[in-house]
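Q: Counting along the sequence shown from 1, when you hit position 542 you're at 561 in this note's numbering, and nothing is skipped either side.
Since the hints were made in silico from the structure, they are not lab data. Careful: at least some of the hints might be erroneous.
[Stated by the list, open to error] Only pairs whose alpha carbons sit at most 27 angstroms apart, straight line, appear in this in silico DSS-like list of lysine-lysine:
#  : residue 1 : residue 2
1  : LYS363    : LYS340
2  : LYS368    : LYS340
3  : LYS319    : LYS340
4  : LYS696    : LYS498
5  : LYS514    : LYS145
6  : LYS129    : LYS379
7  : LYS468    : LYS206
8  : LYS248    : LYS111
9  : LYS485    : LYS462
10 : LYS717    : LYS696
11 : LYS141    : LYS110
12 : LYS117    : LYS141
13 : LYS248    : LYS368
14 : LYS151    : LYS141
15 : LYS683    : LYS514
16 : LYS119    : LYS98
17 : LYS111    : LYS98
18 : LYS379    : LYS514
19 : LYS498    : LYS514
20 : LYS696    : LYS485
21 : LYS683    : LYS717
22 : LYS196    : LYS683
23 : LYS206    : LYS460
24 : LYS514    : LYS196
25 : LYS514    : LYS696
26 : LYS129    : LYS141
27 : LYS248    : LYS363
28 : LYS129    : LYS90
29 : LYS90     : LYS151
30 : LYS703    : LYS203
31 : LYS119    : LYS141
32 : LYS717    : LYS468
33 : LYS98     : LYS110
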Amino acid sequence: MKMIQNEFKFIAKNRLIMISLIAIVFIPFLYSIFFLKSVWDPYGSTGELPVAVVNNDQPATYNGETLSAGKDMVKELKKNDQLGWRFVSAKKAQQGLKDKEYYTVVTLPKNFSANAATVLDKNPKKMQIQYKTNDSLNFIGEVISEMGAKELNAQVRETVTNAYAKVMFKQVKTAGKGFSTAAKGAKQLTDGSVTLSDGLNVYTAGVAQVNDGIMTMKTSVVPLSDGVKQLADGSNTLNNGLLLLDSKTGALASGASQLNDGAGQLNAGANQLNTGLQTLNSKTGALASGAGQLNDGANKLNAGVTGYTNGASDLNAGLKKLADSNVKINEKISGLPAGVTALKAGSQKISAGLQTMQKKLNENPTFENEATYNTAVAQYSSINGLISQVQATIPALQSELNAIPDQVATTTDFDAKAQGIIDAEKQAGIVFTAQQEAGIKAKLSEQLKASAKDEAQQIVSGINAKIDAQKPTADEYAKLTEAVNGSLSMLSSLKQIQTGLNYQDDANPGLVMGIQQLDAGIGELASGSQAIITGLNQYTTGVATAAAGANKLTSMNGQLVSGSSQLAAGTNQLNGQIPALTGGVSQLANGSSALATGSSALAAGTGALNAQVPQLTSGISQLATGSTALNNGLGQLNGQIPTLTSGVDQLAAGTNQLTDNSAKLTDGAGQLTDGNKTLASALKSGANEVNSIQLTDKTADMFAAPAELKHSNYSYVPNYGHALAPYVLSVALFVGAIVFNFAYPIRKISMTGQSSTAWFLSKITVGALVAVGMAIIEPALMMVAGLNVDHPAQFFLMAITFSLASMSIIMFLSMTFDNPGRFLAMVLLMLQLGGSGGTFPMEITNHFYNVIHPFLPMTYSILGLREAITSGLGTGQIVQSFFVLLAFIIVALLLLWLGMNHLQKIGNGGRSQLDDNQKLQDVEK
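All chains, please: the whole structure from these sequences, using the hints.
A: Shown next as structure tokens:
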């Protein structure tokens, strides 16, 4: 105890030593406070770090909008106070870098916006942010500038991605509007197809009626054709007979004239005979002359009777043929009214059906005029375009949506975000080597990229799933297209039918007007056929009467010829027997009166017959002319019958085909209606799905920055000063212990004749007091200076324990080995600076330091002080650090006692290589 007291008396008497000890106690605080204050919160003042910004960007056009990325970036930077942004020209920036005015120059090149607009090009170009640093001016300033540039790059990527996303959302909204428009068009198509279906039902009913009428007409045309052919044949036969009869009327007239002349002559002769016979009776001399004249007249009469009888026979034969053909004509003509009536009924049905069809088509709004028809065709054609557009837009939209996750992954600077996380950890006091930082940054960047891509992929997959669930299939698209094409073909066919039905011009009057004209012609045919029948009946009656009269004439021909022959023979005989005749003149005179009377009657009959011959000849000529006209008309009618039959057959085939296809047409209209309803429903549902997607600026922000860092503190470190405080405090206490062992005469013996243990106790008492003083004063002043401590008691406990451990170890080295020991203490300090984990995590530190890390006392002081200041390591860390440091203290004191004991034994007690320090102290007397 006496030696301890003498040690303190020595200190009290020696002011230099006392001042030195007091200064030594404050050295750790001064070291700590000056160092910590210089790095207390360096990242909180980055706004003062001058960084030049040069904007050479020129605006570009993207999707019809002006893109000024450089101007927008400058505008945002003016609101940013993370760095001291200075907006200058390129020339001034370069000069400022040269004059050490700026740490970094950030340049936005001329094509900054132009490259941003190439995102959807085949070969897109990346936007470059060029920055130049002056590393020699201050490397940390360069690091901070680089962080700012990377953050700026990340901000640019986020902004550009946001702009791209908004453009994509605009396209999605445009597609949604297109879906809505297409849905409305499909709804109109559905309504139109329903109207079309109703019109087609009326149309098919009219087609069926027309077909029935046409088939009836077709059935009636066959007997009409046969009747007209038979009528034409009979008319031809009649015409041939009448022509033959007409050709014989000349001979008949000539014969009748000769007969009349002969009868006149006969009458004259008879009168003369009578006169002559009377004269003969008185004048027999003139008998011979009269007989000669009689003989000549008889011969002439005989010749005239012969011509007359031949003409009468020919007339009778011609009239007989005409009478025979009358039966056939009457048979053939009897069926003509029925055929004409059936033809007229069928034609009327056809006309009614065609008029109904024409009315329905003309009343249909679609066929009202060319404009409405073209509008309907355009609407149907546009549907195919809409279907193709929808079919092409959906895959294109999905393709663009599928590209979004990759764009998010490629346009977002995840390295910068990872670096930001690492920098936050570094601000918290965690230290990394460059290799470890690179590895952590790469893994963290990949995790952030994968997370962002997965989130974007989930959003895109959700949208695609909804689109896939609602979009039509390829078969549905094909059916819709086929239905629309069928509707277009049907519209074209109906338009052609309407055109064929309606009046165009005189050259093309239309089927309805044509059938009406056909009805009128059939009516005229009915009237004409009736007149023909009446005329033919009159004709056949006249022919029959003429035939009967001719037959009577013919039946008298034999008697007339016989009488004429007998008369000629008699006159010849009379002329030859004139001489004998004179005897019977008396008798002849008596008979000549009767002969004169008979000849007068004969002359009167032949005169009446001759008077009627011109009328008969004129009637026969008229009959021949009418027959020729009738034959020509029937020939023309018969010639047109095949055309009529062919037309009716074609009309029947067409209406039959229309009837056969009516069911398909109705089914097609039904399919078109169903398809339009399906299309309208699908498009409306798709439009609702697409339009229900809420694509706001927040959604664009989500695509631009899908991941958000949410930091929670297991333990909170306010700033860089709090993070380095355990390390700096430990280093300061250790340095304070080294300074004490340099400045204080550690080997000086304050009282001779004492044991090595007393010497040991006197030295460790002073060292302990100095160590405890440093461990109390330094932490207390640091707390006053602004250091916030979670556990003050633990804080002081760990400071005192480590200060005692440092003092013990350094005192052992300095006492035992003198100056070499102090050197070893300095070496130990250097090893602890790199191996205690005070700056960088040990995982990123050199392997050698990791090996010695567990054996360094500062390792445990730093861990203990971290727990005391900011918590997070657990109370167990305080216990571990305390007992490990206590072990260091015990071992060091034990070694110190052994060393001092050894020094006293060898007589080196009180001797030191620091002679100058030893001279300051004299042995107390």
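Q: Each of the hints needs a verdict: does it hold here or not?
A: Hints, verified against the model:
1. Pair hint LYS363 plus LYS340 does not hold up; C-alpha atoms about 35 angstroms apart against a cutoff of 27 angstroms.
2. Our distance criterion of 27 angstroms between C-alpha atoms is broken by LYS368 and LYS340, whose separation comes to about 43 angstroms.
3. For the given pair, LYS319 sits about 32 angstroms from LYS340 by alpha-carbon distance, which is inconsistent with the 27 angstroms threshold.
4. Between LYS696 and LYS498 the CA atoms are separated by roughly 13 angstroms; this keeps the pair inside 27 angstroms, and the hint holds.
5. A C-alpha spacing of about 59 angstroms is found between LYS514 and LYS145, which places the hinted pair above 27 angstroms, so the restraint is violated.
6. Using a Cα cut-off of 27 angstroms, the hinted pair LYS129 and LYS379 is violated, with the two alpha carbons roughly 70 angstroms apart.
7. At most 27 angstroms may separate the alpha-carbon atoms for a hinted pair to count; LYS468 and LYS206 exceed this at roughly 46 angstroms.
8. About 116 angstroms separates the Cα atoms of LYS248 and LYS111, which puts this hinted pair outside 27 angstroms; it is violated.
9. At most 27 angstroms may separate the alpha-carbon atoms for a hinted pair to count; LYS485 and LYS462 exceed this at roughly 34 angstroms.
10. Distance hint between LYS717 and LYS696 is unfulfilled; the C-alpha atoms sit about 37 angstroms from each other, more than 27 angstroms.
11. Between LYS141 and LYS110 the alpha-carbon distance is near 36 angstroms, which puts this suggested pair outside the 27 angstroms criterion.
12. Distance hint between LYS117 and LYS141 is unfulfilled; the C-alpha atoms sit about 41 angstroms from each other, more than 27 angstroms.
13. Among the hinted pairs, LYS248 with LYS368 is consistent with the structure: their alpha-carbon atoms are about 25 angstroms apart, no more than 27 angstroms.
14. Proximity of LYS151 to LYS141 is assessed by CA-CA distance (about 31 angstroms); at most 27 angstroms being required, the pair is judged violated.
15. Annotation: proposed proximity of LYS683 to LYS514 holds, straight-line Cα distance about 18 angstroms (limit 27 angstroms).
16. With a CA separation close to 25 angstroms, the supplied pair LYS119 and LYS98 stays within the 27 angstroms bound.
17. For the hint pairing LYS111 with LYS98, the CA-to-CA distance comes to about 22 angstroms; that is within 27 angstroms, so the pair holds.
18. A threshold of 27 angstroms between alpha carbons decides the hint, and for LYS379 with LYS514 the separation of about 12 angstroms falls inside it, so the pair holds.
19. Taking the CA atoms of LYS498 and LYS514, the gap is near 24 angstroms; set against the 27 angstroms cutoff, the hint holds.
20. For the proposed pair LYS696 and LYS485, the alpha carbon gap of about 20 angstroms is at most 27 angstroms, so the pair holds.
21. Proposed proximity of LYS683 and LYS717 is contradicted: the alpha carbons are some 54 angstroms apart, above 27 angstroms.
22. With a C-alpha separation of about 36 angstroms, the suggested pair LYS196 and LYS683 falls outside the 27 angstroms cut-off, and the hint is violated.
23. At roughly 57 angstroms between alpha-carbon atoms, LYS206 and LYS460 are farther apart than 27 angstroms, so this suggested pair is violated.
24. Under the criterion of a C-alpha separation no larger than 27 angstroms, the hint pairing LYS514 with LYS196 is inconsistent with the structure, at around 34 angstroms.
25. For the proposed pair LYS514 and LYS696, the alpha carbon gap of about 25 angstroms is at most 27 angstroms, so the pair holds.
26. In summary, the hint linking LYS129 to LYS141 is supported, as the alpha carbons are separated by about 21 angstroms, within the 27 angstroms threshold.
27. Only pairs whose Cα atoms come within 27 angstroms are accepted, and LYS248 paired with LYS363 is accepted, the gap being roughly 19 angstroms.
28. The suggested pairing of LYS129 with LYS90 holds, with an alpha-carbon distance near 12 angstroms, which does not exceed 27 angstroms.
29. Our distance criterion of 27 angstroms between C-alpha atoms is met by LYS90 and LYS151, whose separation comes to about 20 angstroms.
30. Between LYS703 and LYS203 the alpha-carbon distance is near 8 angstroms, which keeps this suggested pair within the 27 angstroms criterion.
31. Distance restraint check for LYS119 and LYS141: the Cα-Cα separation of roughly 43 angstroms exceeds the 27 angstroms cut-off, and the hinted pair is therefore not satisfied.
32. A C-alpha spacing of about 20 angstroms is found between LYS717 and LYS468, which places the hinted pair at or below 27 angstroms, so the restraint holds.
33. For the suggested pair LYS98 and LYS110, the alpha carbons sit about 24 angstroms apart, so the restraint of at most 27 angstroms is met.
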